[in-house]
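As given, the protein sequences belong to chains C and F, one line each in that order. In this text, residue positions in the first sequence follow this note's numbering: the first is 1, and each later residue adds one. In this text, residue positions in the second sequence follow this note's numbering: the first is 1, and each later residue adds one.
None of these hints come from the bench; they were simulated from the model. Do not take every clue at face value.
[Claimed, not checked] To give an idea of the interface, some chain C residues facing chain F are shown, with a C-beta separation under 7 Å as derived from the structure:
| hint | residue |
| --- | --- |
| 1 | N34 |
| 2 | I46 |
| 3 | Y49 |
| 4 | F83 |
| 5 | T94 |
| 6 | F98 |
| 7 | Q100 |
| 8 | G101 |
[What the hints assert, rightly or not] Here are the computed lysine-lysine pairs in the DSS-like style, where the Cα-Cα straight-line distance is at most 27 Å:
| hint | chain 1 | residue 1 | chain 2 | residue 2 |
| --- | --- | --- | --- | --- |
| 9 | F | K43 | C | K107 |
| 10 | C | K103 | C | K42 |
| 11 | C | K103 | F | K76 |
| 12 | F | K65 | F | K43 |
| 13 | C | K107 | C | K42 |
| 14 | F | K43 | C | K42 |
| 15 | F | K65 | F | K76 |
| 16 | F | K43 | C | K39 |
| 17 | C | K39 | C | K103 |
| 18 | C | K39 | C | K107 |
Computed from a predicted structure; not experimentally measured. Note that the Cβ used here is the ideal one computed from N, Cα and C, for glycine as well.
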Amino acid sequence: DIQMTQSPSSLSASVGDRVTITCRASQSVSRYLNWYQQKPGKAPAILIYAASSLQSGVPSRFSGSGSGTEFTLTISSLQPEDFAIYYCQQTYSTFRTFGQGTKVEIK
Amino acid sequence: EVQLLESGGGLVQPGGSLRLSCAASGFTFSSYAMDWVRQAPGKGLEWVSTISGNGVSAYYADSVKGRFTVSRDNSKNTLYLQMDSLRGEDTAMYYCAKVAHIASAFWDDYWGQGTLVTVSS
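When you get a sec, could you build the whole thing from the sequences and use the hints?
Quick look at the structure:
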C-alpha cells in the first residue's frame, strides 16, 4: 500500500497567517492527490482534488500544488473558520490511503 | 441536492455482524462509484472499501478484506456494507461518500453524516 505522511501533525497559527501543510507519498501518485477539511463532529469535506483543482464553493485562499511524491496545501490568509484537521488522500491506487491528518489550531 | 444518509450502526459483540446502509438521493446513483471511509474515535480517516457504479468491481482495505462485503442496489439507490467477524478495532464512525471523477482522478465530493459502530462485549 502507498503510505501518506503529513507534516506537521499539528500547528498553531493566527488569523491572517499563511499556512502550509505538506503531504509525502511513499511512491509516486502522479497528481492523484486530494485534500479534505474536517471540523469537530462533522464529516470531511473536499477542498482540493487532483493536486491543485479547487472544489466548487471552496474559498480561493486554499490552494494545492505538487506532483509525484510531494504535495502542499496552502491557506493564504487563515480565517477563524479554517481551524480544523486537514487530510491528504491518494487515489492513484485503487487501495486509497489518507495521511494521518494535520490539526490547525488557534495561536 | 445530493444527500447521503447512513444507517444501521450500533453496539455489537466481538465476532458479531452488522449491515450498514447508505441511502442516496439527488444524483444518478448508478453512474458513480461509492466509498466507505471510517474514523475510529479520536483518530484519522481510514479508507475501507470502494464499489464501482455497476457493482461489478469492489476493493477493500487489508484490515477488512475477507470480513466486510460492499454491495449496492441501484434500483433502490442504496449502498451497503456487510460487516462480519467484527473486532474491537472496527469501532468507528462509518461514512459513505460519493466518488467524483475526471478522467483518472477520483475524489469524494459528498459525504454522509456517518453511522457509529461500537464493537464491545
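Results of checking the hints against the structure:
| no. | hint | result |
| --- | --- | --- |
| 1 | N34 | holds, 4 Å |
| 2 | I46 | holds, 5 Å |
| 3 | Y49 | holds, 4 Å |
| 4 | F83 | violated, 17 Å |
| 5 | T94 | holds, 5 Å |
| 6 | F98 | holds, 4 Å |
| 7 | Q100 | holds, 5 Å |
| 8 | G101 | holds, 5 Å |
| 9 | K43(F) with K107(C) | holds, 23 Å |
| 10 | K103(C) with K42(C) | holds, 15 Å |
| 11 | K103(C) with K76(F) | violated, 38 Å |
| 12 | K65(F) with K43(F) | holds, 21 Å |
| 13 | K107(C) with K42(C) | holds, 23 Å |
| 14 | K43(F) with K42(C) | holds, 14 Å |
| 15 | K65(F) with K76(F) | holds, 26 Å |
| 16 | K43(F) with K39(C) | holds, 13 Å |
| 17 | K39(C) with K103(C) | holds, 10 Å |
| 18 | K39(C) with K107(C) | holds, 17 Å |
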